[in-house]
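Protein chains in written order, with the working numbering: chain A, 1 to 250; chain B, 1001 to 1223.
Since the hints were derived computationally from the structure, they do not count as laboratory data.
Worth double-checking, as some hints may not be accurate.
[To be verified] Here are the simulated lysine-lysine pairs, DSS-like style, with alpha carbons at most 30 Å apart:
#	chain 1	residue 1	chain 2	residue 2
1	A	Lys-28	A	Lys-83
2	A	Lys-115	B	Lys-1214
3	A	Lys-134	B	Lys-1214
4	A	Lys-119	B	Lys-1214
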Amino acid sequence: MSMIEIRNIHKSFDGTEVLKGIDLSVNKGDVVAILGPSGSGKTTLLRCINFLERADSGEMVFDGERFNLNAIRRREIARIRRKTAFVFQNYNLFLNKTVLENVTLGLTAVRKLPKAEAKARAMDALVRVGMADKVNSYPAQLSGGQQQRVAIARGLASEPEIIYFDEPTSALDPELIGEVLSVMRKLAEEGMTMLVVTHEMEFARSVSSKVLFMEGGRVIESAPTAAFFSNPQQARSREFIRSILQSRQG
Amino acid sequence: MSERLWDILVSSFPRLLGYGLKVTLPLTALSFALALVISVIVAMIQYAKVPVLRQLCRFYIWIIRGTPLLVQLFLVFYGLPQLGVVWAAFPTAVVVFGFNEGAYMAESVRGALESVSRGQMEAGYCVGMNYFQIMWHVVLPQAFRTAFPALSNSLISMMKGTSLAATITVMEMFRQAQVINGRVYESLALYSETALIYLMFSTVLTYLQRWGEKRLGQYGAVK
Ligand SMILES: Nc1ncnc2c1ncn2[C@@H]1O[C@H](COP(=O)(O)OP(=O)(O)OP(=O)(O)O)[C@@H](O)[C@H]1O
Ligand SMILES: [Mg+2]
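Isolated chain A (complex conformation) (with noise of 0.2 Å):
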């Protein structure tokens, strides 16, 4: 059974429909990449998924649970979220928390742990991502790379059942993708679920296990990782492929 399953989601900007009927499911273990050209509305899915955006119609099956995407409850919606996390392109550390902060912010405010209890589980969290050696510095203080590791590590700390990553490199410097991408597939090894927008298609390649290609707000092609890459059945995933491939050696 899968662990969310999402169907037929639409949503529009000032009457310009981005999001045409999308279905998505995730099992437990799965790493999907969302892949597809700028503005197609990869961005938008997740945001509505984790209800930053309130879809105009859809349905959500979340363990088992089946909710209204445009209907939903705050109290449900406050429910879905302690199970997921979130890593955005910028980061968003909180700026005025330290490294440490950052990571018992929610573990303290949200699920009352006490502070020592909080303390462990973020300490975890921050080796998990190699952050350990900056808790006391603030974001302003960190590399894009650490920020967002100490993103990831915020997100880990809640034991999340899955992780939501939006394009969590496009924002770093080259030399700085790196340290993100290996922490982000050693969780994967490690049996996180997650759902990640990427244009990084190597990450993309060896990491995940399924692929979703969006373009123009519809699911243009949907498959298991090795067959989308070898032999992708949609002539536009088989363009995307090749004009991703060449920008890289170009």
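Given chain A's structure and the hints, the job is docking chain B with the ligands onto it.
Same frame as chain A, but now just chain B with the ligands:
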């Protein structure tokens, strides 16, 4: 300088300073505390775009900013008693100063709130916090830091502005200077001395502001 004048200055200094410390500064502190509470509430209502209340806040700011402080003081102290609302002078001053400066400070705080990136709010939601938790732990502290210089300016201008309370019979430092002057007729010397004490106070406040900015600046975040 004549000996008489020197004696007047020396003997009035501790008196004036005493009224400054015991009336002007407490009046400033209470009014500022009230203004701070009002400004944060008014700013948050506008930031959250709460219907109706939001229009009410705009109306409040419009009225306050569009009329002179002195007229507001007179209206409340001399005008409202005709409607049966009689307040003592000191509380009247606190309320009028608080509501007056609160309107200006609300604009500073609102601007500061709006300068906090939306991503901070979204990240807060994603770690499971609710609106008020995010405001409290993340958005307000950052906004406070941004608004701090403007709020400090408000505090200093309010401290000087409390001298207007003299016009509604509050016996604060400036009114005390007037009283002494009524006996000795040395306006130039006495009011210079009074000005000097205000200058001392605002210098200390400016120093505190700098210290505060340095402390708040340590997370080197929002520029
Ligand atoms: N808040 C918004 N208001 C209006 N239009 C929006 C909004 N958010 C996104 N859009 C539009 O929706 C479309 C899809 O945007 P989205 O950000 O989801 O694309 P994307 O696939 O993530 O692109 P990229 O690869 O550049 O990040 C774009 O045309 C964008 O301009
Ligand atoms: Mg995007």
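Consistency of the hints with the structure:
{"no.": "1", "hint": "A:Lys-28 <-> A:Lys-83", "result": "holds, 13 Å"}
{"no.": "2", "hint": "A:Lys-115 <-> B:Lys-1214", "result": "holds, 28 Å"}
{"no.": "3", "hint": "A:Lys-134 <-> B:Lys-1214", "result": "holds, 22 Å"}
{"no.": "4", "hint": "A:Lys-119 <-> B:Lys-1214", "result": "holds, 28 Å"}
Every hint from the earlier list agrees with this structure, and none is contradicted.
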